[in-house]
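Asker: The listed protein sequences derive, respectively, from chains A and B.
Counting from 1, one number per residue, gives the positions in the first sequence under this note's numbering.
Counting from 1, one number per residue, gives the positions in the second sequence under this note's numbering.
Honestly, the hints are just simulated from the structure, not real lab data.
As the structure is a computational prediction, the values presented were derived from the model and not from experiment.
The beta carbon of each residue, even a glycine, is placed where N, CA and C say it ideally should be.
Heads up, a few of these hints could be off.
Short derived list, chain B residues pointing at chain A, Cβ under 8 Å [stated by the list, open to error]:
{"#": "1", "residue": "F39"}
{"#": "2", "residue": "Q42"}
{"#": "3", "residue": "L44"}
{"#": "4", "residue": "L46"}
{"#": "5", "residue": "T49"}
{"#": "6", "residue": "G53"}
{"#": "7", "residue": "S89"}
{"#": "8", "residue": "I93"}
{"#": "9", "residue": "Q105"}
{"#": "10", "residue": "F107"}
{"#": "11", "residue": "G108"}
{"#": "12", "residue": "G110"}
Have a look at the derived ranges for each label pair, beta carbon to beta carbon [stated by the list, open to error]:
{"#": "13", "chain 1": "B", "residue 1": "E63", "chain 2": "A", "residue 2": "L74", "range": "40 to 46 Å"}
{"#": "14", "chain 1": "B", "residue 1": "L68", "chain 2": "A", "residue 2": "S26", "range": "48 to 54 Å"}
{"#": "15", "chain 1": "A", "residue 1": "R41", "chain 2": "B", "residue 2": "E63", "range": "24 to 30 Å"}
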Amino acid sequence: RKEVEQDPGPFNVPEGATVAFNCTYSNSASQSFFWYRQDCRKEPKLLMSVYSSGNEDGRFTAQLNRASQYISLLIRDSKLSDSATYLCVVNQAGTALIFGKGTTLSVSS
Amino acid sequence: GAVVSQHPSRVICKSGTSVKIECRSLDFQATTMFWYRQFPKQSLMLMATSNEGSKATYEQGVEKDKFLINHASLTLSTLTVTSAHPEDSSFYICSAEDWASTYEQYFGPGTRLTVT
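Generate the whole structure from the sequences, applying the supplied hints.
Answerer: And the structure:
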């Protein structure tokens, strides 16, 4: 079983749509959770950290369910510029980040 | 945010040659740097963990004699791909951990290596 699993997509949505990505992780000792965004041929960039209480940053909402070892990302009012690959990432303190394969989002006009 | 640079950003080399990639933390000190590799349509995979002043720790399946890592200072780690082969062609990305913030890792822009 892979450590971090994501649906690779692609998710093809029109502008203005709401889209949700899910991710599961296998290591119950994981302590930190993130969503990264990666554009084609670029390095990944931190989109947001994910907390048990859930957190929101503008159009983006992240949720963590530790009991189910499940992480989600919701994007509201999708923009063309949201088109990218979204990486679910987990780690333990002081260790390397463990990446999912990513979910590809394509937003069209 | 913190800045990490990588050099070169792109390199094309012939099979059998060696290539050195530099990773620098520009405005913070990094006791730990990580080297990742990403093949097309694949996830980033950790290759090794580089600690300043000590030997790197390699992930299973990564040959330490082929991928030489040196972390001689708190701001610089280098990855040398020795005797490169076409199957080593990949996107190599480093990240540096800001020792003032345990969970903060900052990525370099990556180096695209093509071995012909």
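Asker: It remains to establish, for every hint, whether it holds in the given structure.
Answerer: Results of checking the hints against the structure:
no.	hint	result
1	F39	violated, 11 Å
2	Q42	holds, 7 Å
3	L44	holds, 4 Å
4	L46	holds, 5 Å
5	T49	holds, 6 Å
6	G53	violated, 16 Å
7	S89	violated, 13 Å
8	I93	holds, 5 Å
9	Q105	holds, 6 Å
10	F107	holds, 4 Å
11	G108	holds, 6 Å
12	G110	holds, 5 Å
13	B:E63 - A:L74: 40 to 46 Å	holds, 42 Å
14	B:L68 - A:S26: 48 to 54 Å	violated, 32 Å
15	A:R41 - B:E63: 24 to 30 Å	holds, 26 Å
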